[in-house]
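*Asks:* Required output: the full structure, derived from the provided sequences and hints.
Protein chains in written order, with full-length UniProt numbering: chain A, 1 to 358; chain B, 1 to 358; chain C, 1 to 358; chain D, 1 to 358.
A portion of the hints provided could be inaccurate.
[Unchecked claim] Quick list of simulated restraints, FRET-style, between CB atoms:
no.: 1; chain 1: B; residue 1: 250; chain 2: A; residue 2: 313; range: 39 to 49 Å
no.: 2; chain 1: A; residue 1: 37; chain 2: D; residue 2: 195; range: 43 to 53 Å
no.: 3; chain 1: D; residue 1: 250; chain 2: C; residue 2: 267; range: 28 to 38 Å
no.: 4; chain 1: B; residue 1: 213; chain 2: A; residue 2: 318; range: 33 to 43 Å
no.: 5; chain 1: B; residue 1: 195; chain 2: A; residue 2: 188; range: 38 to 48 Å
no.: 6; chain 1: A; residue 1: 313; chain 2: B; residue 2: 74; range: 53 to 63 Å
no.: 7; chain 1: A; residue 1: 150; chain 2: B; residue 2: 175; range: 49 to 59 Å
no.: 8; chain 1: A; residue 1: 300; chain 2: B; residue 2: 303; range: 49 to 59 Å
Rather than coming from a laboratory, the hints here were simulated on the basis of the structure.
Beta carbons: idealized from backbone N, C-alpha and C, even for Gly.
Chain residues, written in single-letter form:
There are 4 protein chains.
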Amino acid sequence: MSGNTLGSLFSVTNFGESHGPAIGCVIDGCPPGLLLREDDIQLDLDRRRPGTSRHVTQRQEGDQVEILSGVFQGRTTGTPIALLIRNVDQRSKDYAAITDTFRPGHADYTYTKKYGFRDPRGGGRSSARLTAPTVGAGAIAKKWLRENYGVTVRGYMSQLGPITMPFKVWDDVSNNPFFAADMALVPELEAYMDQLRKDGDSVGARIEVVAEGLPAGWGEPVYDRLDADIAHAMMGLNAVKGVEIGAGFASIEQRGSVHGDEITAQGFLTNHAGGVLGGISTGQPILVSLAIKPTSSIRIERQSINSDREPVMVQTLGRHDPCVGIRATPIAEALLAIVLMDHALRHRAQCGEPLTGI
Amino acid sequence: MSGNTLGSLFSVTNFGESHGPAIGCVIDGCPPGLLLREDDIQLDLDRRRPGTSRHVTQRQEGDQVEILSGVFQGRTTGTPIALLIRNVDQRSKDYAAITDTFRPGHADYTYTKKYGFRDPRGGGRSSARLTAPTVGAGAIAKKWLRENYGVTVRGYMSQLGPITMPFKVWDDVSNNPFFAADMALVPELEAYMDQLRKDGDSVGARIEVVAEGLPAGWGEPVYDRLDADIAHAMMGLNAVKGVEIGAGFASIEQRGSVHGDEITAQGFLTNHAGGVLGGISTGQPILVSLAIKPTSSIRIERQSINSDREPVMVQTLGRHDPCVGIRATPIAEALLAIVLMDHALRHRAQCGEPLTGI
Amino acid sequence: MSGNTLGSLFSVTNFGESHGPAIGCVIDGCPPGLLLREDDIQLDLDRRRPGTSRHVTQRQEGDQVEILSGVFQGRTTGTPIALLIRNVDQRSKDYAAITDTFRPGHADYTYTKKYGFRDPRGGGRSSARLTAPTVGAGAIAKKWLRENYGVTVRGYMSQLGPITMPFKVWDDVSNNPFFAADMALVPELEAYMDQLRKDGDSVGARIEVVAEGLPAGWGEPVYDRLDADIAHAMMGLNAVKGVEIGAGFASIEQRGSVHGDEITAQGFLTNHAGGVLGGISTGQPILVSLAIKPTSSIRIERQSINSDREPVMVQTLGRHDPCVGIRATPIAEALLAIVLMDHALRHRAQCGEPLTGI
Amino acid sequence: MSGNTLGSLFSVTNFGESHGPAIGCVIDGCPPGLLLREDDIQLDLDRRRPGTSRHVTQRQEGDQVEILSGVFQGRTTGTPIALLIRNVDQRSKDYAAITDTFRPGHADYTYTKKYGFRDPRGGGRSSARLTAPTVGAGAIAKKWLRENYGVTVRGYMSQLGPITMPFKVWDDVSNNPFFAADMALVPELEAYMDQLRKDGDSVGARIEVVAEGLPAGWGEPVYDRLDADIAHAMMGLNAVKGVEIGAGFASIEQRGSVHGDEITAQGFLTNHAGGVLGGISTGQPILVSLAIKPTSSIRIERQSINSDREPVMVQTLGRHDPCVGIRATPIAEALLAIVLMDHALRHRAQCGEPLTGI
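*Replies:* Structure representation (C-alpha cells):
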C-alpha cells in the first residue's frame with residue numbers, strides 16, 4: 001500500500017506534480033445517487049485559489065476541474081470518480097536558480113535522499129498545489145455528508161503569527177481572505193501581512209475545523225479511531241506540525257474533575273473531548289485545531305548546501321505565500337469531510353444506520 | 001478494513017477485552033531472522049505494568065506474554081507472530097456498580113451508541129490494558145530497528161499537570177516511575193501525586209518520544225507521510241488529545257527565517273522540523289510530543305445519566321491511575337517504533353536501502 | 001500489507017505453525033449482536049478433523065477451539081474475535097528424517113529460498129492444518145449469512161481421481177467421509193482409496209461449492225469482483241490448482257447463443273454464469289468448482305536433493321492423507337462464506353441493503 | 001477498500017466508463033528511476049486495440065495514452081503515475097435500442113440491482129474497454145520486471161472454440177491477430193470466425209500466459225499466495241470463467257507419484273506445479289491458463305425482460321467481437337506482470353533481494 005491514498009471505504013488517490021501536465025485524484029467508494037456537477041467542486045476549489053487577495057500567491061493557478069468518470073446524467077454511479085485539473089501557469093523560470101540547492105524547510109533534501117533525484121519544478125509533489133484535488137474530493141464528501149446526515153464541516157483561522165483571532169460569527173469567514181471569523185480583525189491582519197511581505201519573511205497560523213450534526217457511533221476502537229484518522233489526515237497536510245482534538249494540549253493541566261464532560265438528559269455540559277470519546281463520535285461537534293508552520297520559501301537569505309555539499313545562500317524570488325496558513329482552511333475542511341465520510345460508510349457496513357445523539 | 005490493525009507492511013492486529021479471557025496481537029510482516037524470545041518482549045511489558053510504584057494502578061495485571069507462532073529455534077520465521085497475554089486479575093466487582101451508567105470521559109456512551117450494547121467490565125476494549133499487546137509488538141520493532149539500522153527509540157515525561165519536567169539525562173528515565181529525565185524532580189512529583197490521590201482527582205501529562213539514528217528517506221509523500229502515520233498511531237493511543245512534531249504549536253508564531261532549519265556541510269543547524277520534511281525523514285532525530293488527558297475514572301462525584309436517561313452521580317472506586325500519563329511513555333515508544341519499522345520496510349520495497357544523512 | 005489476512009471489511013488474519021504452540025486467527029469486522037459460542041465453531045471444525053474415517057490422516061489433531069475475545073454474554077460485540085487452537089499431537093519424530101531434504105511437491109524448497117531457512121516440523125506454515133482457523137472463521141460467516149440473509153453455503157466432492165461422483169442429494173453429503181452427494185458411490189470410493197493406500201500413492205479431487213439465497217448486487221466491478229475474490233480465496237487454499245465459476249472451462253467451446261443465460265419474468269433460464277455477472281451476484285446460486293492436486297507426501301520414493309544439492313530419494317512415512325481433497329469440502333465452504341460476508345458488508349457500506357432477485 | 005484497485009505495494013487504481021469523457025488509471029508504488037515514455041505504453045495498447053484485424057471490433061477506439069504524472073525527464077520519480085485515455089469514438093446510437101432491457105450474459109441486470117440505475121452506454125464500467133488502462137499499467141510492470149530481474153511475460157491463445165491451437169514458437173504470436181503460436185493454424189481460424197460472424201454468434205477461448213526468469217521466493221504463504229493473487233487478477237478480467245495454474249484441472253486424475261515435480265541438482269524434472277509451490281515461486285516458469293466465455297453481444301435474438309419485467313427479445317447490432325478472447329492475450333500478460341511486480345516489491349520489503357533458482 002503506497003502512501004498516496006487516503007481513506008479505505010471512501011478513498012482518495014492523489015496524483016500529479018505541480019508543474020507536470022496535470023494533477024488530480026481518483027475517488028473510490030462514493031455511493032451512487034449523489035447529485036454532482038463540476039460546479040459543486042469548483043466552488044470549493046475557488047475558495048482556496050491563489051489570487052483571490054493580495055495576501056496570497058499571485059501565481060494564476062487556473063484550477064478548472066473536470067470530472068472524467070463516475071457521474072452519469074448528473075448523479076454519481078457508484079464507480080470511481082476521477083477529477084482532473086490541468087496545469088496551465090508554470091512560470092518555471094522562477095525556479096531555475098534553485099535546481100540544485102536544498103531549500104531550508106523544503107522537502108528538496110529528503111526527496112533527493114529517498115528517490116535519488118527529484119522534480120525541482122515548483123516543489124514537485126511536495127507543493128501546496130497538490131491540495132487542490134483533495135479539496136475537490138472534500139467537496140464531494142461535504143455534499144454527501146450534508147445531504148445524507150445533515151453534517152456541516154466548517155473552519156476558520158484562529159491565530160496568525162502572534163495575533164489571536166477569536167471566533168465571532170461563521171458568516172464573516174467567507175467574507176475575507178483570511179477566513180477570519182470576525183471582520184473587525186481584518187485591518188490588523190492586513191497590516192501585519194504587508195509588513196511581513198516587506199520583511200521578505202513568513203509566519204505560521206492556527207486553524208480550527210468543526211464538524212456539527214453528526215451522530216454518535218462513528219469510529220473504530222483501538223487503532224483507527226476517528227480522532228486517529230483525523231490526526232493522520234491533518235498531519236499529512238503540507239505544513240501542519242501539530243494537531244489537537246478538543247481541549248488538546250490544555251488537557252495536560254486540566255484536572256479529571258474538569259476535563260471529563262458531564263452528561264445530563266439534555267446532553268453534554270462541556271466538550272473537552274472535542275466530539276470523540278474512545279475513538280468514536282459522541283454526537284457533539286468535532287473540534288480540531290491545527291498548527292501551520294511558516295512558509296519555507298522566503299526572500300530572506302538562508303544558509304544551505306548544494307548537491308556538491310558546497311555552502312550556498314538560498315532565497316526564493318517570485319510569487320509566494322508569506323503565510324500558507326491563509327489557504328489552509330478549505331483544505332482542512334476537505335480532509336475532515338473525507339475522514340468523516342469514510343467512517344460513516346464503515347459504520348454503516350458494520351452496524352447499520354447510526355443512532356442519534358442523546 | 002476494520003480499525004484494529006496498525007501499519008501495512010509491518011502490521012499489528014490487536015484483539016481482546018480487558019476482562020475477557022485474553023488479550024494479544026498478531027504481528028505480520030516481521031522479516032525473518034530476527035532473534036526473539038519472550039524475555040525480549042516481557043522486559044518492555046514490565047516497564048508499563050501497574051504496581052511498579054505506588055503512583056500507578058494497584059491492580060495486578062500479570063501480563064505474562066507467550067509467543068504462539070512465528071518463531072523457530074529462537075529466530076523469527078517471517079510468518080505471523082502471535083502474542084498472547086492471559087487475563088488473570090479481573091476483580092469485576094469493582095465495576096459492578098457502574099454497569100448501566102455512562103461514566104463521564106469514558107467511552108461507555110459512545111460504545112453503546114455504536115454497537116447497541118457494551119462489555120462493561122473494566123472498560124472492555126477502551127481500557128488502557130489493551131496497550132499491552134502494542135507494547136509487545138513495539139518491543140519487536142525496537143529490536144529490529146536497532147539491530148538493522150542502529151535506530152533507538154526513547155521517551156520521557158516532560159510535564160505532569162502544572163509541573164514542567166525539563167530533560168536532563170536519559171539514564172534517569174528508567175530509574176523512577178514517572179519516566180522523568182531528571183531524578184531531582186521526583187520528590188516534587190511524588191508530593192503532587194499524593195495530594196491528587198487524596199483529592200480523589202486526576203491530571204494530564206506531556207510525553208516526549210525521540211527516535212535517533214534513522215536514515216533520511218523514510219516516508220511517503222502526500223498522504224501517508226511519516227509524520228501523518230506517527231500522528232495516527234499516537235492519537236490512537238488512549239487518552240491522547242494532541243500530537244506535535246518538532247516545533248509543533250510553537251511554529252504558529254515562528255518566522256520562516258527562524259523555523260526553516262538551515263543546512264551546512266556538517267548537517268542541519270536546528271531541528272524545528274522534528275526530523276520530518278515533506279513527510280519524509282531527514283536523518284535528524286524524530287521529535288514527537290503528546291498531550292495526555294487526565295484519567296476519567298476518579299473518586300470525585302460527577303454528573304451523568306444511566307441508560308434510562310435518569311440523572312445519576314458517578315464515582316469510580318477501586319484501584320485506578322490518578323495520571324494515566326505515567327504509563328504512557330513505553331507505549332508511545334512502542335508506537336513510534338512500529339510506525340518507523342513499517343516505513344523502513346516500505347522504503348526498502350520501493351527504493352532499496354536508504355541513504356545515510358548528510 | 002502482508003499476505004496472511006483474507007478479506008477487507010470482514011477480515012481474517014491467520015497465524016500459527018502446525019507444530020508450534022498454537023494456531024488461530026483474528027476475525028475483524030464481524031458486526032455486533034450475532035449469537036456465538038464455541039460449539040457453533042467446533043461443529044465445523046470436527047467436520048474437517050482427521051480421524052473421522054479410515055481414509056484420512058490418523059494424526060489426532062485435537063482442534064478444540066477457544067474464543068479469546070469479541071464475544072460477551074454469548075453475542076459478538078463488534079470487536080475482533082480471536083480463535084485459538086492449541087497444538088497437542090505433534091509426533092515430531094515422524095518428520096525427523098526429512099529435516100534437510102526438499103520433498104517434491106511441498107513448499108520446503110520455496111520456503112527455504114524465500115526466508116533463508118524454514119520450520120520443518122509438519123510442513124510449518126504450509127501445512128493443511130492451518131485451514132482449521134479458516135474453518136472457524138467460516139463458521140462465523142456462515143452463521144451470519146444464514147441469519148441475516150438466508151444464505152446457505154454447501155459443498156460436496158464431485159470427483160475422486162478418475163471416479164466421477166454426480167450429485168444426487170444434499171442429505172447424503174454429511175453421512176460419509178468423502179462428502180459425496182450420493183451414498184451409493186461410497187463402496188467404490190472406499191475400494192479405490194484402500195488400493196491407493198496399498199500403492200503408497202495419492203490422487204487429486206474435484207470439489208463443488210454452492211451458495212444459495214443471496215441477493216443480487218454483491219461485488220465490485222473491475223478488480224475486486226465477487227468472482228475474483230472467490231478465486232483468490234480458493235486458489236489460496238492448499239493444494240488447489242484450478243478454479244471455475246459456472247460453466248468454467250466448458251465456456252471455451254460454448255456458443256454465445258447458449259452460454260448467455262436468458263431471463264424471463266420468472267427468473268433466469270440457465271446459470272452458466274454461476275451466479276456472477278460483471279463481477280456482481282445475480283441472485284442465482286454461486287457455483288464454484290475446484291481442482292485439488294494429489295497429496296505430495298506419499299510412501300513411493302521420489303527423487304530430490306538435500307540442502308547440499310546431493311541427490312536423495314524421499315519418501316514420507318507416518319500418517320498422511322492419500323487424498324487431501326477429502327477434507328477440502330468444509331474448508332472451501334468456509335472460504336466462500338468469508339468472501340460472501342465481506343461483500344455483503346461492502347455492499348451495505350456503499351449502497352445500503354441489497355435488493356432481492358428478479 | 002473499494003474494488004477498483006489491484007495490488008498493494010504496486011497498485012493500479014482504474015477509473016472511467018467506456019463512453020464517459022475518459023478512462024485511465026493511477027499506478028502507485030512504481031520505484032523511481034525506470035525509463036518511461038508514452039511509446040513504451042502505447043505499443044502494448046496497440047496490440048489490444050480493435051481494428052487491427054477483421055476479426056475484432058471495428059469500433060475505432062483511439063486509445064492514445066497520455067502520462068499525466070510520475071515521470072520527469074523520462075524517468076519515473078517514484079510518485080504516482082496517472083495514465084489518461086480520452087474516449088473519442090462513442091457511436092452511442094448503436095446502443096440506443098437497449099437502454100432499458102437487460103442483455104443476457106451482460107452485467108446490465110446486476111448493475112441495476114446493485115446501484116439502482118446504470119450507465120447503459122457501451123456497457124459502462126463492465127465494458128472490455130476498461131482493460132486499456134490495465135494494459136498500460138502492465139506495460140510499465142513488464143518493463144520494470146524485465147530490466148530489474150530479467151523476467152519475461154508472454155501469452156498466446158491455445159484454443160478457439162472447438163479448435164485446439166498447440167504451441168509451436170513464440171515468434172508467430174505477434175504475427176497474427178489471434179495471438180496463435182503457430183501461423184499454420186491461421187486459415188482454419190479465419191474460416192471459423194467468418195462462419196461465426198455469418199451465424200451472428202460467438203464462442204469462447206483458452207489463453208495461456210507464461211512468466212519466465214523469475215527467481216524463487218516471491219509470494220506470501222496462507223492467503224496472499226502468488227497463485228491466489230494471479231487467480232484474483234485473472235478472474236477479475238472480463239469474461240474469464242476459469243483459471244488454472246500448472247497441471248490445473250488435470251491434477252484431479254494425476255497420482256502424487258506423477259504430479260509432484262522431482263528435483264535434481266540440475267533443476268526440476270517437471271513443472272506440474274506451474275511455477276508455484278506453497279504459494280511461492282519456485283523459479284520455474286509460471287504457467288497460467290484461462291477460460292474465456294463467449295461474447296454476450298450477438299446478433300442472434302435471445303429472451304430477456306425490460307425494466308417493467310415484460311418479455312422482450314434482445315439482439316445486439318453494430319460492431320462487436322465474435323470472440324472477446326482474441327483480445328485477451330495482452331490483457332492477461334499485463335495482469336500477470338502487475339501481480340508479479342507487486343510480489344517482487346513485497347518480497348524485497350520483507351526479505352531483501354530474492355535468491356536465484358536451483
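*Asks:* Decide, hint by hint, whether the structure agrees.
*Replies:* Verification of the supplied hints:
Between residue 250 of chain B and residue 313 of chain A the beta carbon distance is about 26 Å. The supplied range of 39 to 49 Å is therefore violated. For residue 37 of chain A paired with residue 195 of chain D, a C-beta distance near 49 Å keeps the hint of 43 to 53 Å intact. The supplied range of 28 to 38 Å is met by residue 250 of chain D and residue 267 of chain C, whose beta-carbon atoms lie about 35 Å from each other. For residue 213 of chain B and residue 318 of chain A, the Cβ-Cβ distance of about 38 Å falls inside the hinted range of 33 to 43 Å, so the restraint holds.
Range check, residue 195 of chain B to residue 188 of chain A: Cβ separation about 44 Å, and the 38 to 48 Å hint holds. Look at residue 313 of chain A against residue 74 of chain B: about 55 Å separates their beta carbons, and that is inside 53 to 63 Å. The supplied range of 49 to 59 Å is met by residue 150 of chain A and residue 175 of chain B, whose beta-carbon atoms lie about 55 Å from each other. A hinted range of 49 to 59 Å for the beta carbons of residue 300 of chain A and residue 303 of chain B is consistent with their spacing of about 54 Å.
Of the hints listed earlier, the one the structure fails to meet is number 1.
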